[in-house]
Each structure stands twice: as structure tokens, then as C-alpha cells.
Amino acid sequence: MSNALLFVVATAVMFLGMGWLALSLPSHWRQVHKGQPASGKLRITGYLAVFVSGGICLVADHPSMAVLVWFMLIALCAFLTAMTLSYRPALLRFIPVFTAA
Amino acid sequence: MQTGNTRQAMAWLHTWLGLLAGFVLMVCFFFGSLSVFDREIDRWAIPETRFDPQPMPSYDNMLKGIFEKSEPDVAEYNQLMPIYHDPAAGDMTPRTELPPDEYWAYTTHRDPVLRMGVGFRVPHPAEADEHNHIHGNLTIDPRDGSLVPDDHLKIGSDWFYPLHYSLNLEWKFIGYYIVGLAAFFMLVALISGIWIHRRIFREFFTFRPAKRAQRKTLDIHNMSGVIALPFHFFFAITGLIIFASFFYFPVNSTMLKPLHELSEEIEASHKGLPHDRAGIDADIASVDAMIADAKHRWSERGMPGEVGFLMVTHVGDLNSYVSIYRAGSDRVALVGEGIHYKAATGELLREDPPHSFAEGAAEFLTGLHLQHFEHWFLRWLYVFGGLLGCVCIATGFIFYVEKRKSQHARAGSQGSRLTDAFAVATVTGIVVAACAMLLSNRLIPTDTSGKGDWEKIVFCSVWGLTLLHALWRSSPVARAMSNPAWREQALTITVLAVAAVIANWLTTGDHLIKTLFTERYLAVAGTDISLLITAAIAWVSARKLAPKPDKSLTRNLSTDTATREVGYE
Chain A
543 MSNALLFVVA TAVMFLGMGW LALSLPSHWR QVHKGQPASG KLRITGYLAV
593 FVSGGICLVA DHPSMAVLVW FMLIALCAFL TAMTLSYRPA LLRFIPVFTA
643 A
Chain B
789 MQTGNTRQAM AWLHTWLGLL AGFVLMVCFF FGSLSVFDRE IDRWAIPETR
839 FDPQPMPSYD NMLKGIFEKS EPDVAEYNQL MPIYHDPAAG DMTPRTELPP
889 DEYWAYTTHR DPVLRMGVGF RVPHPAEADE HNHIHGNLTI DPRDGSLVPD
939 DHLKIGSDWF YPLHYSLNLE WKFIGYYIVG LAAFFMLVAL ISGIWIHRRI
989 FREFFTFRPA KRAQRKTLDI HNMSGVIALP FHFFFAITGL IIFASFFYFP
1039 VNSTMLKPLH ELSEEIEASH KGLPHDRAGI DADIASVDAM IADAKHRWSE
1089 RGMPGEVGFL MVTHVGDLNS YVSIYRAGSD RVALVGEGIH YKAATGELLR
1139 EDPPHSFAEG AAEFLTGLHL QHFEHWFLRW LYVFGGLLGC VCIATGFIFY
1189 VEKRKSQHAR AGSQGSRLTD AFAVATVTGI VVAACAMLLS NRLIPTDTSG
1239 KGDWEKIVFC SVWGLTLLHA LWRSSPVARA MSNPAWREQA LTITVLAVAA
1289 VIANWLTTGD HLIKTLFTER YLAVAGTDIS LLITAAIAWV SARKLAPKPD
1339 KSLTRNLSTD TATREVGYE
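Line by line, the protein sequences give chains A and B.
Quick note, the first sequence lines up with residues 543 to 643 if you use my numbering.
Quick note, the second sequence lines up with residues 789 to 1357 if you use my numbering.
Isolated chain B (complex conformation):
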């Protein structure tokens, strides 16, 4: 095959895979960028939790009691219990009588609230070898142990964050597969894009705003793709890696299942950590003492730190053990340096050894994507990288339409008209939906039951409306002109974003002068400022998109008037 032909083939691949995946990738990149500050958006959305991050509270005095009082989730019980339970062994154990098997608590340097969870055991399981856990998760205020209401949606970490990897489509995990496929297409689009882009270095810094629309769009598309290429590549591939073993290549739970289970058991016996319950009841010793010991051991290794993750396995059993992991806020890899204690006695069972090179590399790759580290500068750089990805995808859409719309107009085709309308809904539409959701969060009264569900409904219906709006206004594209919906939605973003900031001020009293200067609270200040910057960018874009008076038309009109005036005289 000649080089010219390969390039054409690559261009074809880049165009169509890019277009198809672009609609999904835009969601991944935009909401992924917001997820960098998911905890901070949570603080904005749940004003009751606007206080400083707290260390892990005392287990003996606080967490223990909360764990013991927690119950399995009703919905999860109704869904999973009939699957896990063996009817031959007797009646289903009532929900509130399920015995706990596993406790965990998790916090980071950015969390004021503490996330906790209990895995409940099914006493008569149909398949005894399986995990068979029914969960009950909760969030507490670690200062006094009070529960944070569950129907207050954590918009950052429970809506925007999962949206970027699962599209919040939980049915048969379809969202994960769509995103995985799109991420794979993205890798193909990156490679084919490099292939067809002839002047990588010569045009590295090139953006010519004075050129015509098609040229300058391509400039921005190339530049935003190339200068952040390592970011785009590594985020697509590490995103795939994170989910590979669960969803995309689930060999551990399918083809290699027996091997995987055997390896799990061998690993457990090597570690000296009991794989199964002993069946003998036992009490738990002071976990606070174990935590103090673990902190001491980390200090001795030259890495003093706080507890990030705490877990009790086989709760209430003689074989129960407590695992304490260090919060990894000072490096890229995730929580680690686990130290395990026998729960009944507090005796040290095991200290995890330093990682092998392969484990270290894997943790680095997942850690660079999941970013649990404490590094505000890098966080903002990630937001920049993610938004540059959005720019790259958006300009890809625009270039696609600009290149074809005249041709389609002549041929009477609706192709670019439809593509453009979908692009409007994916580019400006998601921003409109996100801003509307934040605004609704401030306007719906706090005590409304199912407040979080209403916010989700607002998000989804507004997003749907932006698509309808874009389709409704799309007819000019069929005449090779541009869709006014771009400008109208940009204006909508301006209004909604400013309104959200004002609503936050009015409903909580937290305005920017307070959150920046008098009672500094940067999570809320940062969200407000980001909203205002979004509003400003949208406003400038809307002004640039304003229809320019058609010069030829104005000239005709003025000559017309002139003639008439002369005639009148």
C-alpha cells in the first residue's frame, strides 16, 4: 500500500471513530475534569458539610458504635438476597438480622466527612465460596459521629464522578462498556491523528485566528491534541486499565476463576491472614491501640502518616483481623503500607512488604488517574489537561461540520445538520445541564424528600432539552450557515452559572468575600470562582458567535434608503 493510501485510510478512521466516540469522550473529559475537584463540589452542594477535613476518628469511641448500629441497604437486600440465599437451607434471614462480616472506613486529606461501610454476610448462601455480601454504606460527620443525610446527593463524587466512567447507566453495566469502547476508540484516534498530522513540530504552536473557520478550527484541534498528547494518551489507557480486570477482561471471574481463587487462598496463607471465618465468636481488642502502633511503625520506616483506609475482616470471629492502610496523600500510588493485626488480641500479623517493580508501576498508573495525592497545583494542571481534551473533541466536531456543510447544503443532505445539533448538546449542553443541576441544588429546599433524585432529574431533563433545542434551531446548518443554538446555550450557561453563585450566597450566606478572605473556605470559593469563570468564557463566546450584520445586505439597504431619500426630495 502506498503512503498516500495509508494516510487516507487513517484519516477515514480518525474522522469516523473520532466522531462516534467523541460524543461519549466529551462527557468523560468534561466530567472527569470536574471530578478532579469532586469533594470540593460536594461541599458546595451540601452546605452542612462545609468544615475542614478531619483525620480518621477514634474507632473504639466512635466508629465501633456506628458500625454496630448500621443496617443493610433495603434496595440491595431486596435485589441480592434472593440470589445469594439458598432456599433449601430455610427462610431468608430478615434484613436487620444479617450478621456483619466486614467493616471499612475511608477518608482522604480532602474529606471533612467520613465514608463508612459494612458488608453483611448471608448466613445460608447458595454458593458458599462466593463473596455474598450485602452492603450498608453511610457517611458521618467525624467531629461528633452524627449521620449525614443519605438523600443529600454528593453531586461531585456521586454524580459527576461516576458519570465520567459509567455515564451513570447502571443497567447491565452498559455505561462502563460504552465508555471503555470510547476510550479504546480514543487511543485509535490519537494514533491515527498523529499519523495524518504532517507537521507535528512545525505547527506545535500554531493557531491562526485570522484564518477562515475551517482552518482555525483545525489549528486548535491539532494543537490541543498534540501539546497534551501524553495526558490524553495516559488518561485513556489508565482509565481502561482501572476497569480492565472488572469489566473489559474479566478473566479472574470467568476463564481463570479456579486459578484466581486458588491464588487468593495461597496469598492469604502467605500473608498469614485467615481467608475464611473460624466459626468461633470473639470480641475485638482496642483498634485505637493498633492504629497507634501502625503509625509508630510508619514513622520508623521514615514515612510518618495518617490512616487513610481502615478495614475489619471476618467481624466478630476468632479469625477476624484489622487492616490499617496509610493515606497516600504524598505520592502518586494509592493507599498502602498496610499493617494487619489480629482483631481479638491486637497482635501484629503482618506488615506488607515494599512493592515489587511491577506492582509499583501498576499502582503508579492507576494512581496517576485516580489522584488521591495532595498536590493542588497538579490538580489544576489536570483540569487544564482535561479541558484541553474537551477543546480537542469540540473542535473535532466543528471541523467535521465546517468541512461538510456547504457540500451537504448543495446535496440537500441533513448529515452535518444532525451532527452539529448533537455537538451542541454534547459541548454546551452538558455545561448547561451541570450548571442547572448546581442551581437546582441551591433552590430545592433542604428538607425535600429525595432531594438528590430531583437534582438528577433536573440534570437529565435539562440535558435532553438542550438536545431538543439544538435540533429545533438546526435548520440554518442545512443552508451552510451556523446553528444559533450554540450562542443561545452559551448565554444560558452565563445566566445559570451566575445564578448558581448568587443562589449559593443567598441560601448559605457564603459569598466570595467571606469564603476567600474573612472565613476562608477554598472548596466553596473555588467552585464559585470556577462558575464565574465559566460564565465569563460563555459570555465572550456568545458575543463572538453573535450574527455579524451581513455587509452586502446593509449596503443594499443604505443605497435603497439613499435612493428613496433622493426620490423624496
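Isolated chain A (complex conformation):
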């Protein structure tokens, strides 16, 4: 049961990470926010979240299994982020962001 919880958290963190990575791109930023993104910071936060999510996978499983879950989570969350951006970009406003100074 605790493993299921870990996967929920890993998926959520990965989704956040993908959200930050997407928002670091000006074209996607403009779908959600006004102004300009602080691309560098967003990208670093995004990658950080992607790796934190990988860390959570490692807690849940043997490394050989965790690496597979991690790669597949990247695909799932990237897809979900892309679809949210296409159909309901406003939903991504919940992601806390840095704005360009």
C-alpha cells in the first residue's frame, strides 16, 4: 500500500517537473502566464523534480525496476503536460513559478 502512495507522489512530482520544463519555453509560458519566463530557473527546477521523482521510484523498487518506472513516468507525464497545454492550459497555473525580473 505504501508503494502505491510512493508512485502517486512520484507521478505528481514528475508532472510538476514536466510542467516547469514546459513553462521554461516561452511559447508554452505564454499559453499559461503573461510576460516572460525565467527560463533558466524553471529549467533547473524542472530537472530537479524529474530526478527527485526518480529518487522516489528508487525508494519504492529495486533499482533495475525503478529505472523502468522512471522512464515510463517521464513519457506519461510529458504526454499529460502536452495534452493539458493543448486543451486546458489554464490548469497549469497552479504550478508555482519564477517570473523574469
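Hint data in this document are derived by calculation from the structure and do not stem from the laboratory.
Check each hint, because a few of them may be wrong.
Unchecked claim - If you want a taste of the chain B side facing chain A, the calculated C-beta under 10 Å gives, among others:
| hint | residue |
| --- | --- |
| 1 | Tyr894 |
| 2 | Thr896 |
| 3 | Phe992 |
| 4 | Pro997 |
| 5 | Asp1007 |
| 6 | Phe1019 |
| 7 | Gln1159 |
| 8 | His1163 |
Each residue gets a CB set at the ideal place from its N, CA and C atoms; glycine is no exception.
Based on these hints, arrange chain B on the given structure of chain A.
Chain B alone, transformed into the frame defined by chain A:
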């Protein structure tokens, strides 16, 4: 060569290899995705086996008797016996008198039924060094040892699963070679695709549904290809690796055959496991005691587990030995930690040592594809990855057609019309065929002889019909419009998938409220829910594909009516 030219060359390669291989790869990806839940589809298709997975039953009290009573397969005997037998040594041994040489039993954490098999020896072989086995395979209910009827087709593991690697074309293994070639083309298409796709990161999340058809199709094609790239790459390459040594690079049985046989013998002598029969009859000691000992040894190594695979080699001989392998449900690599016992005495012969790095890597690569592990979340993620592969291939077809159809229409060419029709049969057609097969499985009475064969006939003929239908309806594509077959087959999927769920309810009494809540049985519930989701997606797609009323035409009509009304006044 200039960069521009290389890109063009890569684009050419990607287009044509992708198109050619796409028709095969679609089958591999779609039925591969279904194979992730092959055992669960089996439960749906054979209601008699809807009970919980069982551990390996007692060998001494149950399996032994079943092994001893089993017989070689009639078809295999008729086909192989004349090849294996040496006529100079006398008459062929009758089928039921062939002596057993090898017993095996195999189960996983997802199997309620137990698969077993016997390899029978040919007493007077033409080539004594060869394997010369004629097999008899069976499936039992491990709770009471009763046989599960053989002509009830395991639609998941004996039809959808082999379809994705052999296309079920067994003749000269042609299906394996077609799939292998397609997998190789896929690797080429992935690399050339990356090459020609300029903005990998900038368009990583890009899908613009408001753009015109050609653009948005390319968006989805790029996105589904790139975000699951590791999945696509590793599944294509590990699929090739799994079959490489048997089919694609069979050096062990051709060029390097003497070396391979020598290495086998040396390996056997290193292991202390007899390579050949001694020729002296001997009884078998208690295998249950050996299993208990093996489980004890696994626990001592810090990896307690159940038996996944059990094998008796050189049955009935003094040199006979029993190999017991642990079920590898908790990791990626396949069954392992083998422990071997002398069959006559139960004495320990050998414990397989931990794997070297290279063996471990190879087992990881094949294991990640074959997925015997117990990890439901990863299983579903694999289904998602596989279906994303299908999306990538399907959008590749659509992009190909969208890009060319106006041009072809002007030139009077039938190229995109034909491609589109084949795409219909490969994209929606296989789903229609799969749903029709599941529905037929519930509608054909259980006691019909050769029930499984009828189901296969339904699958193949429905698939054939979807192609005919797509060709018949294809003429609009030649006028740069779209083929109505896409929409009609999507509607057919909706009807068939819902009908399959209802038929399952009516014929077995297992409806979703029961399988989800009152008597939870997730294998059947999952199959039903997946069918309903398929129906929903197909319904939404059909609605989106509905012909939009031509605005210019409507306007003309209404002005027409208006004028007439005015005139009438």
C-alpha cells in the same frame, strides 16, 4: 555531403521505411500492448479458469501422476517422428509408447492454471546428438489436477501474444523474420526521425489541435515518438535480442555448431549436471522434499520465494536431475537462482552462482521486455507506452496521406488512396478484429469442438473484411477528401466492444459491479473496463470524424430557399 542533403536523405529513409514497416509494427505494438495483460485476457476468454493464481502444486501427489499419463501431441508426432527416426534401426515407435525424457512445469504470480509439458525421447534417432524431442503440452487446474480443455484458446497468451512477434505465421517462421525486419526498420526510422526533427526540446510538449490536419498530425507524431523514445528504442532492440540467437543470427546452430555443442558439454561438466543419459533405469526421490530444501536455501540467501519453473531432465534414468528455479516476480530479470538435485537420491548437485555482469545485463534486457515481474503500475505504464507507439505509427500513416493526397488527386494517382485504405485496416481494423474475436469467444457455445479455431477464423476474416471495407469506401481519398471507413470502423469498434462486455455478463454472470465490488476479480474487471474505454475512445473519434456540413453548400442552399420563398410570395 551538405547537411541539407543528409536531412533530405534521412527524411526519405524515414518516410519509406516507416511506411513499409509501419503496417507490421502497428500489429507488434497493439498486440504487444495487449500481451502485457495476456493472462488476464485468458481469464476473460476461458471463464472456467476465473480463480485466483495458485502456487506450484505438490509434485509427488499431483504433477508426477499427470506427467506419467501425458502423451505426445498427435500433430507433432506425425510431423517430426519421420524426421527424427532412423528407419535403418527398425520401425517407428508408436506415439503412445515414446519414453519421456524431460518434464517441466511453469507458473507465474498471474497464473491460476499451471502449464506443464513433457519432452518425449525418440528411441532410435537418426542423429543421436540432436535434441530429438517430441512434445506433449497441457494445462491443468492446480487445485485438483483436472485438465483444462486444450481447444479452449488462450486468446491472450496463445493468440494476441504470439501475434505480436510472429504474426502467427508459422510457415518457415516467416512471421518472425517479417517482424524482425520491421523491428530493425523501426530502429532506423527512430534514428532518422530524430535526425530530421529539428526542434526536439522546443517542441517536446507541442500539440496544436487548432492547426490544420497535416500540422497537428505531425505534432502528435513527433511528440508520441519523442517522449517515449527510450521505450520505443528498448522494446524494438530487446525484441530483436530475444529472437536473435534463434532466428536472426542463428550462429549457434549453423556456423558455430561444433563449438556450441562443445561449450554445452563443458558447461554441463562444470556444473556437475550430466549432459547425457546413463542408460540405467532409476526411480525418482521426493521432489517436494527438494522443493522444500530449495526454498530454505533461497531464504538463507535473503531472497525467500516461490517456485516459478520446475524441470526434470533425463526422466527415469540414473543421471536424471531436478532443477528448481525461483519465480522472479520481484525483479526484472527472469526466473533464476536455480538449484539442481540428483533425481534418484535428492542429493544437492549444484546451486547456480550469482550472475556475472554480462549475464545480468542480458537478463535485464530480455526481462524488461518479457516482464514476468509483479508490478501492476509498471504494467499499465507499458500499455501506455505501447499505445503511444501505436499513436506514433498511425499518425505517421495519416501524415503521409495528408501530405500527398491533394497532389495525388491532381495527378490522378491512387497512391494515397491505397495507403490510406491499408492504414484503416491496420489502425482501426485490428481493433475491430480483436473485439470481434472476444465477442465470438462469448457467443460460440463452450462445448463446440474446435472452438478456438472458430475464434481464429473470426479474427482473420473480420480483419480481412475491414481491409475490403476500407478499399471499397476509399474513393473520396482520390479526390483529396477523407475515407469514411475510418469513422465507420470506429463506430463498429464501439458496438463490438460494448457487445463483448454485455456478452460476458450474460454468459458468465460476471458483470462489473460483481467483479469490482462484491466478488472482486480484477482480471475480468480490467478487461471489461478496457473494452468500455476502447468503446468510448472509438465513439469520441467517430464523432470527431463525422462529416462537417459544408458551409458554402449550406449557404447556397439557404439563399436558394430564400429566393424561392421570395419568388413564391
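Hint-by-hint comparison with the structure:
1. Against a cut-off of 10 Å between C-beta atoms, the interface hint on Tyr894 of chain B is violated, since the closest Cβ of chain A lies about 22 Å away.
2. For Thr896 of chain B, the shortest C-beta to C-beta distance to chain A is roughly 16 Å, which exceeds 10 Å, and the interface hint is violated.
3. Annotation: interface hint on Phe992 of chain B holds; nearest CB of chain A at approximately 7 Å, less than 10 Å.
4. Below 10 Å, beta-carbon pairs count as interface contacts, and Pro997 of chain B has one with chain A at about 5 Å; its hint therefore holds.
5. Restraint check, Asp1007 of chain B versus chain A: the minimum CB separation of about 9 Å is within 10 Å; hint holds.
6. With 10 Å as the threshold, the beta carbon of Phe1019 of chain B comes within range of chain A, its nearest partner Cβ sitting at about 6 Å, so the hint holds.
7. Restraint check, Gln1159 of chain B versus chain A: the minimum CB separation of about 9 Å is within 10 Å; hint holds.
8. Restraint check, His1163 of chain B versus chain A: the minimum CB separation of about 6 Å is within 10 Å; hint holds.
Hints 1 and 2 from the list above are not met by this structure, while the remaining hints are.
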